[in-house]
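K.L.:
These are the residues of each chain, in order.
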Amino acid sequence: GEDVEQSLFLSVREGDSSVINCTYTDSSSTYLYWYKQEPGAGLQLLTYIFSNMDMKQDQRLTVLLNKKDKHLSLRIADTQTGDSAIYFCAERGGADGLTFGKGTHLIIQP
Amino acid sequence: NAGVTQTPKFRVLKTGQSMTLLCAQDMNHEYMYWYRQDPGMGLRLIHYSVGEGTTAKGEVPDGYNVSRLKKQNFLLGLESAAPSQTSVYFCASRGTGSGVYYGYTFGSGTRLTVV
Numbered sequence: 049g050e051d052v053e054q055s056l057f058l059s060v061r062e063g064d065s066s067v068i069n070c071t072y073t074d075s076s077s078t079y080l081y082w083y084k085q086e087p088g089a090g091l092q093l094l095t096y097i098f099s100n101m102d103m104k105q106d107q108r109l110t111v112l113l114n115k116k117d118k119h120l121s122l123r124i125a126d127t128q129t130g131d132s133a134i135y136f137c138a139e140r141g142g143a144d145g146l147t148f149g150k151g152t153h154l155i156i157q158p
Numbered sequence: 411n412a413g414v415t416q417t418p419k420f421r422v423l424k425t426g427q428s429m430t431l432l433c434a435q436d437m438n439h440e441y442m443y444w445y446r447q448d449p450g451m452g453l454r455l456i457h458y459s460v461g462e463g464t465t466a467k468g469e470v471p472d473g474y475n476v477s478r479l480k481k482q483n484f485l486l487g488l489e490s491a492a493p494s495q496t497s498v499y500f501c502a503s504r505g506t507g508s509g510v511y512y513g514y515t516f517g518s519g520t521r522l523t524v525v
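Keeping their order, the protein sequence lines are chains Y and P.
Those letters in the first sequence? Residues 49 to 158, per the working numbering, in order.
Those letters in the second sequence? Residues 411 to 525, per the working numbering, in order.
Some hints here could point you the wrong way.
To list a few chain Y residues with every Cβ distance to chain P over 12 Å, as calculated [as the list claims (entries may be wrong)]:
(1) Arg108
(2) Leu109
(3) Lys115
(4) Arg123
As a list, the in silico DMTMM-like pairs of lysine to aspartate or glutamate whose alpha-carbon atoms are at most 25 Å apart [claimed, not checked]:
(5) P:Lys467 / Y:Asp51
(6) Y:Lys150 / P:Asp448
(7) Y:Lys118 / P:Glu469
(8) Y:Lys115 / Y:Glu86
(9) Y:Lys150 / P:Asp436
(10) P:Lys419 / Y:Glu86
(11) P:Lys419 / P:Glu469
(12) Y:Lys118 / Y:Glu62
(13) Y:Lys150 / P:Glu469
If you're looking for bench data, these hints aren't it; they were derived computationally from the structure.
Given the structure is predicted, the values throughout are model-derived calculations rather than measurements.
For every residue, glycine included, the Cβ atom is placed at its ideal position computed from N, Cα and C.
Only chain Y is shown next, with the shape it has when bound in the complex (with noise of 0.2 Å):
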């Protein structure tokens, strides 16, 4: 079946770049997302790559797609404790939905 994996926790210090892993087994996977979850709050759609693409930069976020190793990857340059949430990575098959990661608690540091 589908399966997303993501780390549980990142910690990184104000000022530095935060990369946050996921890896999927779906390889018919079309579209592959990115969303934040702030504490309370609902799901606000970070960014979004399509299977045929290899990176995808905007502003301070680059998505790397290596579609071989069926890993994927959030890059938020110069992270700021605004940036301080949950990231969840998700895949698309088909019409039945997203397939998301458990998340990612991304902590900044002072």
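With the hints as your guide, set chain P onto chain Y.
P.N.:
Okay, now just chain P, sitting in the frame of chain Y:
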């Protein structure tokens, strides 16, 4: 620009009570989804619908029923609530079409506590 609206936002139920969570979208999306989020578990799909009058089971459907009588509404029912159904419930919708990217739009969630 309402997007996806979930009601209620919070609810406390006693074990054995029933309730219905409502999800409404105003984007004419074909696909709608119900997820539950539990600490350390991410989001798991309960049921989904690919169009008016159709529903299908997701990863964790037991104890829930759904209905999609109107395209814009997707209802999630708990017939006899159990403490294990204490969770945050998210609804989402998505459009369809070939050659065009259609993203998912999520509601703000319903926090349900069963005591």
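K.L.:
Next step is simple, just say for each hint if it's right about the structure.
P.N.:
Verification of the supplied hints:
1. Arg108: holds, 20 Å
2. Leu109: Its Cβ never comes within 12 Å of chain P, the nearest being 16 Å, so this holds.
3. Lys115: Since the minimum Cβ distance to chain P is about 18 Å, Lys115 (chain Y) lies beyond 12 Å and the statement holds.
4. Arg123: Holds, since 21 Å exceeds 12 Å.
5. P:Lys467 / Y:Asp51: holds, 18 Å
6. Y:Lys150 / P:Asp448: holds, 9 Å
7. Y:Lys118 / P:Glu469: holds, 22 Å
8. Y:Lys115 / Y:Glu86: violated, 29 Å
9. Y:Lys150 / P:Asp436: violated, 29 Å
10. P:Lys419 / Y:Glu86: Holds, because 17 Å separates the two Cα atoms, which is no more than 25 Å.
11. P:Lys419 / P:Glu469: holds, 23 Å
12. Y:Lys118 / Y:Glu62: violated, 29 Å
13. Y:Lys150 / P:Glu469: With Cα atoms ~14 Å apart, Lys150 (chain Y) and Glu469 (chain P) stay inside 25 Å; holds.
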